[in-house]
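Student: Note that the protein sequences, when read in sequence, are chains A and B. Position in the first sequence (from 1) plus 42 gives the number in the working numbering. Position in the second sequence (from 1) plus 73 gives the number in the working numbering.
Hints listed in this document are in silico derivations from the structure and should not be mistaken for laboratory results. Keep in mind it's a predicted model, so treat the numbers as computed, not measured. No false leads were mixed into what you were given.
Label pairs and their computed distance ranges (CB to CB):
(1) A:Ser56 with B:Thr87: 41 to 51 Å
(2) B:Asp169 with A:Tyr72: 11 to 21 Å
(3) A:Gly83 with B:Thr93: 19 to 29 Å
(4) A:Gly51 with B:Thr82: 22 to 32 Å
From the three backbone atoms N, C-alpha and C, an ideal C-beta is built for every residue, glycine too.
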Amino acid sequence: GNSVTQMEGPVTLSEEAFLTINCTYTATGYPSLFWYVQYPGEGLQLLLKATKADDKGSNKGFEATYRKETTSFHLEKGSVQVSDSAVYFCALSDRGGGFKTIFGAGTRLFVKA
Amino acid sequence: DAGVTQSPTHLIKTRGQQVTLRCSPKSGHDTVSWYQQALGQGPQFIFQYYEEEERQRGNFPDRFSGHQFPNYSSELNVNALLLGDSALYLCASSWDGVNTEAFFGQGTRLTVV
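Between the sequences and the hints, there should be enough to build the whole structure, so can you do that?
Tutor: What follows is the structure in structure tokens.
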């Protein structure tokens, strides 16, 4: 079945450091891929998405590229801020976010001032 | 627009009891999905409701049931509660269609003692 594997956390960075959170997936067909963010005490917010191979999703300085050849969707940001501290989830869905979505276990990010 | 609202925010139940959680979708959305998020884990898909019927279901026992009302709001019912049912229960709404975005509520924290 479909699955998502993302790097374990926590990841601790200093402000303005470069961020990479690795995500790989297993799926039949051509799923849509997502990154969600969860701030303390809150639900999930969609951060970015990509619906086909080679698409690049981007938002708030974060970006990720749908790589079908390596079945990956790594999240990157060039300069993190303290306010980026949260848990990040990689996810996939066969038909888009409105349908059954498979989530990774999440990666907690701490950014120090 | 109030977004997705869930009630209650927190709940404590005793093992063996039954619980009902409620969700009001974002305005304009007709599809509601429920997820269970155990501590430190990613959300797990329970089921999805569309047009007042269960359309998709994840790997959860029949103790988990739901309902969708004509106004698109939804309930999640869990019978014969187990300690392992303690989790954050998230509701997500979307409108029906391919590659749509799901919006999540803040969740209901259920503790079974």
